[in-house]
Each structure stands twice: as C-alpha cells, then as structure tokens.
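Participant: Since the structure of chain A is already known, use the hints to place chains B, C and D on it.
Number of protein chains: 4
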Amino acid sequence: MAERTFSLQLKVRDYECDMQGVVNNANYQHYMEHARHEYLKAIGINFAKLTEEGILLVVKRIEIDYHFPLRSGDSFEVSCRLERISPLRFGFLQQIKRLSDQKPIISGNVIGTSINRQGRPILPAVLDEYFKQR
Amino acid sequence: MAERTFSLQLKVRDYECDMQGVVNNANYQHYMEHARHEYLKAIGINFAKLTEEGILLVVKRIEIDYHFPLRSGDSFEVSCRLERISPLRFGFLQQIKRLSDQKPIISGNVIGTSINRQGRPILPAVLDEYFKQR
Amino acid sequence: MAERTFSLQLKVRDYECDMQGVVNNANYQHYMEHARHEYLKAIGINFAKLTEEGILLVVKRIEIDYHFPLRSGDSFEVSCRLERISPLRFGFLQQIKRLSDQKPIISGNVIGTSINRQGRPILPAVLDEYFKQR
Amino acid sequence: MAERTFSLQLKVRDYECDMQGVVNNANYQHYMEHARHEYLKAIGINFAKLTEEGILLVVKRIEIDYHFPLRSGDSFEVSCRLERISPLRFGFLQQIKRLSDQKPIISGNVIGTSINRQGRPILPAVLDEYFKQR
Numbered sequence: 032m033a034e035r036t037f038s039l040q041l042k043v044r045d046y047e048c049d050m051q052g053v054v055n056n057a058n059y060q061h062y063m064e065h066a067r068h069e070y071l072k073a074i075g076i077n078f079a080k081l082t083e084e085g086i087l088l089v090v091k092r093i094e095i096d097y098h099f100p101l102r103s104g105d106s107f108e109v110s111c112r113l114e115r116i117s118p119l120r121f122g123f124l125q126q127i128k129r130l131s132d133q134k135p136i137i138s139g140n141v142i143g144t145s146i147n148r149q150g151r152p153i154l155p156a157v158l159d160e161y162f163k164q165r
Numbered sequence: 032m033a034e035r036t037f038s039l040q041l042k043v044r045d046y047e048c049d050m051q052g053v054v055n056n057a058n059y060q061h062y063m064e065h066a067r068h069e070y071l072k073a074i075g076i077n078f079a080k081l082t083e084e085g086i087l088l089v090v091k092r093i094e095i096d097y098h099f100p101l102r103s104g105d106s107f108e109v110s111c112r113l114e115r116i117s118p119l120r121f122g123f124l125q126q127i128k129r130l131s132d133q134k135p136i137i138s139g140n141v142i143g144t145s146i147n148r149q150g151r152p153i154l155p156a157v158l159d160e161y162f163k164q165r
Numbered sequence: 032m033a034e035r036t037f038s039l040q041l042k043v044r045d046y047e048c049d050m051q052g053v054v055n056n057a058n059y060q061h062y063m064e065h066a067r068h069e070y071l072k073a074i075g076i077n078f079a080k081l082t083e084e085g086i087l088l089v090v091k092r093i094e095i096d097y098h099f100p101l102r103s104g105d106s107f108e109v110s111c112r113l114e115r116i117s118p119l120r121f122g123f124l125q126q127i128k129r130l131s132d133q134k135p136i137i138s139g140n141v142i143g144t145s146i147n148r149q150g151r152p153i154l155p156a157v158l159d160e161y162f163k164q165r
Numbered sequence: 032m033a034e035r036t037f038s039l040q041l042k043v044r045d046y047e048c049d050m051q052g053v054v055n056n057a058n059y060q061h062y063m064e065h066a067r068h069e070y071l072k073a074i075g076i077n078f079a080k081l082t083e084e085g086i087l088l089v090v091k092r093i094e095i096d097y098h099f100p101l102r103s104g105d106s107f108e109v110s111c112r113l114e115r116i117s118p119l120r121f122g123f124l125q126q127i128k129r130l131s132d133q134k135p136i137i138s139g140n141v142i143g144t145s146i147n148r149q150g151r152p153i154l155p156a157v158l159d160e161y162f163k164q165r
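Protein chains in written order, with our numbering: chain A, 32 to 165; chain B, 32 to 165; chain C, 32 to 165; chain D, 32 to 165.
Here chain A stands alone, though its shape is the one from the complex:
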C-alpha cells in the first residue's frame, strides 16, 4: 500500500532571503509546491506530463502558519500528507522543520483539485486509484 506521507530535504539558497535576512514568505509556498510535486511523482503522478495532456492540478486554497523564519545556510525538511476531502478535492497537510534542531518553521494546509483546460473537473485515473487503495 502506497505511503501517504512524504518528505524532502532542502537547503536555503541566499537569493530566497529578503532584506530582513530571512527567507521571503512567498518562497515557503515554492518549497511546499516542490515537495507536493515530488510526492506526486513518487506515487506515479507527473505534474508536467499531466499539464501537457491538458489536466491541470490546481490549488483552490492555501493556509500557512509562519512559526519561525529560515535563514541563509539552514537545511530543512518539507513534509506532506495527502488526504482525499471529497470526490474531486484533496488536501495536503505540510510542515517545514529546520533540520539542525527540528524547530517547526511553518505549518500549511493546501486544498487542490484537478480540472481540464475548459475548467471542468477531472480527476486523473492514477490519483483516483491511489485514494481507492486505502
């Protein structure tokens, strides 16, 4: 049975830091997106390939609590946990922790769905399969 949790280790890049000397708020959303896409790939769902085929995975809502900022040189872990919320909506619970001391950096909740280029809902078969395995 496929795992519903996933994590990825990354390191702050200096250009991601802003004039306060910490990672700019919007960049956590980039880290979160990258972890979701790597997770999806690990369970057989390729975001780029789906996009080419006209199936668009889209974010409908995002909530992020910022606990503590990352700085230049910090290594960190981004985790995701995937849950089906309704027939066509799924949620990712995501956290970022600093690796040196497991300090919580952000907690996030991302609600997504899947549509075609005309905006009609369409769940990729592989994602439907994935949820049925549980």
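Accuracy of the hints is not assured; some may be wrong.
The list treats identical chains as interchangeable, and a pair is accepted whether it falls inside one copy or across any two copies.
As the list claims (entries may be wrong) - Derived pair list, reagent style SDA-like, types lysine to any residue, alpha-carbon separation capped at 20 Å:
1. 42 / 105
2. 72 / 106
3. 72 / 102
4. 42 / 145
5. 72 / 121
6. 72 / 144
7. 80 / 131
8. 80 / 148
9. 42 / 77
If you are wondering where the hints come from, they were derived from the structure by calculation, not from laboratory data.
Facilitator: Leaving out everything else, chains B, C and D in the frame of chain A:
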C-alpha cells in the same frame, strides 16, 4: 482621517507564469506583499526603513482562496484593508480582481505582527497612532 | 514606420530585494524580459500567443553590466532597442536608469532567436515584416 | 592547497519553469549564484555573514550563453572555477550540465568585486589569503 483601504493596479509579467500558462500560485503572495508595503508607505510606514532600524514587520498567518487564474497580458487590481486584531496583531483583508471585467481572482487574509531583531514584540509608534485615529 | 526603441517605467518591489538590501542580480533579468515582451507586444508580437502556437522566442546569450544597484522605493525605466543581427538572430540593447536622477543602473545586451518545438529555426512572419520596414 | 573548482547537483523545481515549459532564463542566474555562494562557503567565505559585517560581494558583469534548456524533472550540475582577475576583481567561470547525459545547458562568466556599505573597494582577508595560496 486616514483611509483604511488601498488598492494598486499591476499587470502580469510573463516570467510570473508557469508551465500551466497562468500566474504561479506563489506569485499572488508577491503581489499581495507589494500592495501591503505600498499601502503602509502611503500611511507613513516604510518597511525598508523599519527593517534597517531593526523593526521587523512579519507575517504570522496567510490564507488565500484561489478563484480564477491570471494570465499573460492581464491587468489587475490588488486591494488591502487594514484592521487591528489585538494590541500587537493586525490583519490585512486582500483581494485581487481582473481589471477588464472585475472578475475575482483571489481573496486573502494576512495576519501580521511586528518584532525586533531579538523576536520581542514591538509596534512602531506610527502604526499605533494610525490605529488610534479610528 | 515602427519605432525600434521602447521603454517602460517600473518600481522596485520589496520582495525583489535580497539580504544586501538591494535588488537581487537575477531580478534585473526579469525586468529586462518584461520590457522586451511589452515592446514585442507593442509591435504586434505576442510572446504568450506565439508560445501557444509552438513558436518559441528564446534567448541565446545575455550580457549585463551592473553599474549601481536599485533599492526599495526606487522607480526606474527599462529601455530596449531592437536590431536584426542575422537572418535568424536579433539583438536587444537594454538599459535601466533610476528615474529620480537618470543614474545608469545596468546595461545589457540580449541575443535572441526563434525556434519551433522541434528546435528548428523559424522567424515569425510579423517579426520578419518588422525588420523589412527599415 | 585549496581547490579552485567546485560543483553542486540540483534538480529543476516546477515553479522555475515558465509558460514555454522550460526553466526561465533568469533562474539560471539563481542556480549560478547559489553555486558560487556554496563554493565560497566551502573555502571559508560566508556571504551572509560578510553582508552582516558590511562587506558586500557584488557582481559587476555577467555573461551567459544558453545552449539548451532544462525541463521539469531534470537533474543538473552547476560548476564554478574561481580566478583572480585584478587586485580587486575576481571571476567565476560557470557551467551547467544536465546529469543524465552531460549535455551542456549554459556557460557563464561572472565578474565580481567586494565593497563596503559606502561603496569603497575592500577585499575580505580570507579571499585575499585564498588567492595567495596559489
């Protein structure tokens, strides 16, 4: 009496769009931040100057509902409305609308606070003044 | 006869600044790209539409001299001048000046070409027309 | 004797790709910067710490030849080679290769110098030492 609402008109830049051909989710957070900082400047609060003085305006929580994506060529308006939430926390209600037809693009809610470099809460006098005017 | 020079006025956004408190080097490339695309649009060449049609305008070489950095709050002008270099290559001479005092910020030189999705050279008819008008 | 070459392996993140489905040109500059900063750290020069101390490593000129684009899923290697050019200027020769087949992606040449907050040239002692070892 100072206004508590503010809006800014911007235009999508092509590098802000991702492989789906729409503005990448994280970039709306950039638009929102830029509008907040311009708003603060309009009421006498300079984010960059405060940062130099060691007063850091920080985001504690963000919620964004994504209604419809922006595309290459779209012009849009980012609005903010500022409210005091508690002695040390303030909230920005933000919206983005497409200019051509007023279509709602995102709605957001951003909770911020203000700290010094040691992480201690400190509200800039000018912001305190601003809230007292109401 | 169409103009071969173009300029655009923009303002620094705080998220574009890095921990040195100045606009991060890579962001000038964003400003330059945005000005080129707006220029092309002004002469009837829509980057996004061409991309959808499978015609890709691509950069082959970029040179940037950094004279002086932009900071939070600075307004600036990005200019472009377009020249044909060879049957399939064109060049943009670009400059950024600070608006308050015309201080030169960067000078750049961008060589581009146009290919299809298979990597074959193909010049959009409208660009060919444009060069022939001179 | 310290090494003058350095390389770093990274992977494309989907948000780095633009509407053409390839990594946006400006992002290569980000990859290059990150590799330079990691390289400097490896030889004892911490960009963030120097910035806090008021010593600013700055880019004066950049040249990039774009050979072939990176796409979603590509892993790649960014290499740097550091050379002193004059008493106060140093150059980084940088290359990016796709890992799967060593395909050359970009070649770059970055000229940097080091100044204090007043804009006066100042070479960090450790960098001076480093060059003298050769």
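Participant: Against the structure shown, which of the earlier numbered hints fail to hold, in ascending order?
Facilitator: Those not satisfied come down to hint 4.
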